[in-house]
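K.L.:
Sequence:
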Amino acid sequence: TAPTALTAASSAAILAVHLQAAAVINNVSWGVGKESAALKQRAVRAGAFEAVAAAIGRAESEAADGGDARLCDSIRENACWLIGSLCLGDDTEAASRKQRAASAGCLEAAVRALERAASGGGGAPSNGAAGVESPRAHL
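Numbering-wise (our numbering), the sequence shown opens with residue 1 and increments by one.
Some hints here could point you the wrong way.
[Claimed, not checked] Each pair of labels, with its calculated beta carbon distance range:
1. S10 x A95: 24 to 32 Å
2. A46 x G120: 15 to 23 Å
3. A12 x T92: 18 to 26 Å
4. D65 x A95: 16 to 24 Å
5. E108 x A69: 33 to 41 Å
6. S103 x D65: 27 to 35 Å
7. E115 x A38: 30 to 38 Å
8. Q20 x S61: 30 to 38 Å
9. G66 x E93: 39 to 47 Å
10. A64 x E93: 33 to 41 Å
11. A95 x G66: 23 to 31 Å
12. A12 x G120: 19 to 27 Å
Simulated from the structure, these hints should not be mistaken for lab results. Every residue, glycine too, gets a C-beta built ideally from N, C-alpha and C.
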């Protein structure tokens with residue numbers, strides 16, 4: 001039993017790091033303007049989009065395995081904020097950031113996060129959108 005408890009504790013710790021890392025990158029690079037654009041580019045070059053897509057995937061796996069649903073939902077929510085923050089802007093590199101987000105699988109990951117929140121299959125985003133019909137219901 002102890003190894004399982006250690007594994008669960010380790011998983012929770014890893015998830016908490018994902019959550020805090022997303023918050024740090026988001027806060028450091030938030031905004032528009034030359035300074036923010038440069039910080040966004042730096043985060044993207046460091047692999048932020050690939051890491052955030054992986055974090056959403058990890059949160060999905062952990063939630064499916066019975067992990068802390070609220071923590072997993074917080075990770076997905078913060079990851080989506082980060083994707084939006086890094087893509088925000090009309091600077092010369094904004095289009096390449098958006099393309100990199102798409103190439104890294106961020107769009108699909110964000111849609112899955114949205115669908116989970118809309119289905120009420122875990123905690124809702126902080127805007128309280130639980131119970132909203134899935135966006136794919138009309139496709």
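K.L.:
Okay, which hints does this one fail, numbers in order?
P.N.:
As far as the earlier hints go, 1, 2, 3, 4, 5, 8, 11 are violated by this structure, in ascending order.
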